[in-house]
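There are 2 protein chains.
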Amino acid sequence: MERKIYLNNLPLERAREIFWDTALKREMAMVELDTRLAAGRVTAEPVFARISSPHYHASAMDGIAVKAADTFGAVPTAPRRLMLSQNAFPVDTGGALPPQCDAVVMIENVTFPDSNNPQLIEIREAVAPWQHVRSIGEDVVAAEMIIPSYHLIRPFDLGALLSGGIFQLKVLKKPLVSLIPTGSEIIPPGRIPNSGEIIESNTYTSAAAIEQWGGDVTRQAVVWDEVHLLEKAVSRAVRFSDLVLISAGSSAGRRDHTFHVLDRLGEVLAHGVAIRPGKPVVLAVVDGVPVVGLPGYPVAAYTVLELFIRPLLYAWQKQPIPPREVLHARSSRRILSSLKEEEYLRLKVGKVNNNFIATPLARGAGVSMSLVRADGLASILQDQEGVEAGDNLVVSLWRTLREIENTIVCLGSHDLSLDILYDFLKRSDSPYTLSSAHVGSMGGIMALQREETHIAGLHLLDPESGSYNIPYLKRYLPQKEIRLVHLARRELGLIVKPGNPRNINSIADLTREGIIIVNRQKGAGTRVFLDYSLAGENIDPNRIQGYDREEFNHLAVSAAVKAGNADAGLGIRAAASTLGMDFIPLAWEDYDLAIAAAFYETEQYNTLIEVISSPAFRAAVEKMGGYNLKESGKIVK
Amino acid sequence: MERKIYLNNLPLERAREIFWDTALKREMAMVELDTRLAAGRVTAEPVFARISSPHYHASAMDGIAVKAADTFGAVPTAPRRLMLSQNAFPVDTGGALPPQCDAVVMIENVTFPDSNNPQLIEIREAVAPWQHVRSIGEDVVAAEMIIPSYHLIRPFDLGALLSGGIFQLKVLKKPLVSLIPTGSEIIPPGRIPNSGEIIESNTYTSAAAIEQWGGDVTRQAVVWDEVHLLEKAVSRAVRFSDLVLISAGSSAGRRDHTFHVLDRLGEVLAHGVAIRPGKPVVLAVVDGVPVVGLPGYPVAAYTVLELFIRPLLYAWQKQPIPPREVLHARSSRRILSSLKEEEYLRLKVGKVNNNFIATPLARGAGVSMSLVRADGLASILQDQEGVEAGDNLVVSLWRTLREIENTIVCLGSHDLSLDILYDFLKRSDSPYTLSSAHVGSMGGIMALQREETHIAGLHLLDPESGSYNIPYLKRYLPQKEIRLVHLARRELGLIVKPGNPRNINSIADLTREGIIIVNRQKGAGTRVFLDYSLAGENIDPNRIQGYDREEFNHLAVSAAVKAGNADAGLGIRAAASTLGMDFIPLAWEDYDLAIAAAFYETEQYNTLIEVISSPAFRAAVEKMGGYNLKESGKIVK
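Top to bottom, those sequences are chains A and B. FYI, the numbering for the first sequence is 1 to 637, going by our numbering. FYI, the numbering for the second sequence is 1 to 637, going by our numbering.
Do not rely on the hints blindly, as some may be mistaken.
The list treats identical chains as interchangeable, and a pair is accepted whether it falls inside one copy or across any two copies.
What the hints assert, rightly or not - Heads up, simulated DSSO-like pairs for lysine-lysine below, C-alpha to C-alpha not over 27 Å straight-line:
#, residue 1, residue 2
1, Lys634, Lys623
2, Lys318, Lys232
3, Lys340, Lys637
4, Lys67, Lys522
5, Lys170, Lys426
6, Lys351, Lys318
7, Lys318, Lys426
8, Lys426, Lys634
9, Lys25, Lys426
10, Lys480, Lys634
11, Lys173, Lys426
12, Lys522, Lys497
13, Lys474, Lys630
14, Lys67, Lys497
15, Lys170, Lys623
16, Lys318, Lys623
17, Lys232, Lys351
I should point out that these hints are in silico values taken from the structure, not numbers from a laboratory. These figures come from a predicted structure and were not determined experimentally.
My request is simple: use the sequences and hints to build the entire structure.
Quick look at the structure:
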């Protein structure tokens, strides 16, 4: 188990400088392309028109081509007479003027005075030379520069190019990026993996990102974790690629070969950059081709792509990096960050009471859903220890500002109906969307207190009165004006393995020797219910194994039971049935939405109430089982 | 020559309402797609994870998998001893934990105390249950909603989808748009057209635009201007298309069949909308398929695409229309606009002295270069008669604000070296670009006066002193601090047909019977030179035929001579030689750049001076012939 640690910790800016200095020595070649296929490509040289457009004197309307001098003095009361085919020639819009003509009379100003002589016409208005004529070069003049070098060709540029007689043109080659997936545990998408197998996904994300950023992609076969195989794959790829990305194996672990291989084949510019996630990146050059070892964790890999590869691809295509909207948001919580790295946070952002509030998503490098759910990114610089709740964060947005402003923020307890609600809002004609984060019922109440959410999902049982939610609002938010709207009644119970092999039928059974449970986090309504039930039966929580193991939502509890981490966990029926678990019902509870005063009667609120009161929404939620939405949308308080 | 005028003049908003109401009755079907190909597509239904990710308990680092309880109490001074393969198992990052383990000890906290017993290890730090473990569902929980309906799939969504076991998913079909080019005069791109022939370009622009906006395109064969052929093409296209666009023939001219055909095959919703350009559009529906007759002029066609088709394609894909940056700019001039239509202006925008200045480009519907050159669009509403110089225009930008801010504005005389300069700036590493508009030397001086340009290109001969430019600055801009930088000496002369068939050798020859000239616009330095030369020889301009025919730049003068509109025109040598014309030299003149004070010593200015002083730039300009750049970049005043 020999291992060497090569990882260093180069500051980001230094690493980018070193990498780009080397990578940008490579320039994209010129390739010749049919103009019709050139939209989205970048010119390699200026393009000059070969012909003028129009390339002949063209009539600008339907009418009669004439010599202007022949019409001088014509007025409706004293028209000039001309003869068709002699000194007057019918012409359509776009048609060529006969050589002797230099103007067009609009058809409205022409009459046929003699039905026996259809060639005779009368012109009722004089025209000046070149009137109603699109003369040669009106649009494009031959030899004129249509577009310069390094110009990103847009759809209407094609029109001017083709009209200017440009049928072929020289564009910059798109950078060809080879992706090399590595890992003996990798299987291609298509079947459910066995334990220890991982579905290859990173290189598909990378491929799509690279194409979006102007690169061409070639995916190589998966390389097993053996040095000589990786060496062969890299040696081959650098022969035809502008950039090679090796997926996974970039760290200093036992099976991490990227560094060694690149060190042997070429020059490693950096191994380890002071960013998080993404630290164990390898930046190298082999035979003049930049080669990057990407970390295996999806968020780390994507962070490296954003920070190093995206700017490189745009630079190779001589294009500015598309700017992202930036906004200043208040951090909803304290975020500690290491002084060892610059940290890139994925954030949810919402606008509540005219303040933008940012909440960090899961920070683990393995949580790809944090990318999916993110509204934007913010960085905490290396010399910052973190930010305090309420501090300003500069967020680079992944959605438009308008979308952020149209987002209904829901912090609080997790319920599967919120996902359905999110989907129904997306399907509605309204511009509004839902962003829900699961911080537990008490977390929702605190967020209402700090004015960081529009609504909070609650299912808090009051042990004294045995009633739901209202006592908590009175106790914790006495000064706040809060409306409570009913969303659902739902069935709570114990999630157990199929067939209930441990024969668990009550809360009391959880204390039995050898029974291990999985619990919810502090502040979750489900945990409050468990504590209430334990207190009711005078059971000391310390007697229950696994009481301290916390999961953050119902599905995770059910998944833990399914995986065998626990014999039981408290949750809702739908979470059990969705994963094929059994369910021991204990109670029905009220899941309500607490609504901040400033959110009442907004358009967003009305849309929300409309959706949750609709028969289609009720049916969709009840279909999951364990739900009763007869009174969804009813104002409780 | 029978014709009926069907064109009406529906207000834009009404026309859009009618068209979209009908078009949006059509919905895009669901299609199933391999997840790996789904980036950029839109989900047709919510996607729920089929498996968790990780789908097994995975080590989060290289280390030793253990049962946490076995390590309790371990510290460096009192390590716990474990045996490999018994109760300790080496595990790599991402590897599966053996079933009996629930934690991982980092390899850094493990030692091998006995070299004779390689199975014996010492754990120097206790771990908690599930420490250094990525437990099942940490990223994605089975049955969790990964993305909702109508979600535009981004690169990193692929990662979460594949990890969640989604290998196929249902997306919205892309709208299939049939393009039908029409016109008996149309030829495909590939050869230089004869008189009366037009290179088909509009449907290529349309195709590229539609693809950019999320549609799929099928181009049909060109249809000649015959009713039955168009009828057949449309009847066929509506059978398989979501939208049919007929290119050209939408007006009420003799060869315009679109209206009649659509009126016969289906229902015409509108013929003629109060927009300019784009008025003669036909909006119809045939067998449930929206069919649009696009005008033949390229700018009119593109305007219709932007106003009607772009929003429709995004609506069909359930996506918001990508917002464009908007800025408020001062109109540099008075713009009169008809009360009959809402006019869409293509504008050049520059930032001069912290003011955004907008200048309309050529307003003709046939000038496709006005699209190529535009920085953005502004509309003048139907009930507005226009705007005054200095009025505010709301410009929807086609470039980023940053690009606008990095643009050096050059108004004034036209010189071919400015195109070369534009190209050199694009090729430089600087972010700066050049926007030059040709308003003549005097126009440039006026623009400096009104602070609407950074620099002005001048070549104004002072008749009294015989010297260039400086006398004009003193006369017209006495209060302004202006720097004058030399750009080029260039040869001015008469552009004549090859072989000089009319034997024109001097200014005096222009007065000969039958000689027709083409002139430049008032305020152009070249016209000043002509007037100066005529005065020097006591020639009355009225004696010269064509003196009143104005072109706006050198190439257009040369093109007019080449086309036979004129026998001669005054211009620069390069304009003659580029189009194969002959050139009768008359003088060398100074073409200088007058620089506004506020622009001195800016980074833009320095970049500009650097480029025009460079040997490469000098060589490129001199290569055109008739140029001497020995002193380019020298400060004249």
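Comparing the hints with the structure gives:
no., hint, in the structure
1, Lys634 / Lys623, "within (20 Å within a copy, 81 Å between copies)"
2, Lys318 / Lys232, "neither (32 Å within a copy, 46 Å between copies)"
3, Lys340 / Lys637, "neither (50 Å within a copy, 56 Å between copies)"
4, Lys67 / Lys522, "between (92 Å within a copy, 25 Å between copies)"
5, Lys170 / Lys426, "between (43 Å within a copy, 16 Å between copies)"
6, Lys351 / Lys318, "between (36 Å within a copy, 23 Å between copies)"
7, Lys318 / Lys426, "between (37 Å within a copy, 9 Å between copies)"
8, Lys426 / Lys634, "within (22 Å within a copy, 62 Å between copies)"
9, Lys25 / Lys426, "between (46 Å within a copy, 18 Å between copies)"
10, Lys480 / Lys634, "within (20 Å within a copy, 72 Å between copies)"
11, Lys173 / Lys426, "between (39 Å within a copy, 17 Å between copies)"
12, Lys522 / Lys497, "within (24 Å within a copy, 91 Å between copies)"
13, Lys474 / Lys630, "within (26 Å within a copy, 85 Å between copies)"
14, Lys67 / Lys497, "between (95 Å within a copy, 23 Å between copies)"
15, Lys170 / Lys623, "between (59 Å within a copy, 21 Å between copies)"
16, Lys318 / Lys623, "between (54 Å within a copy, 26 Å between copies)"
17, Lys232 / Lys351, "neither (52 Å within a copy, 54 Å between copies)"
Of the numbered hints stated above, those contradicted by the structure are hints 2, 3 and 17, listed in ascending order.
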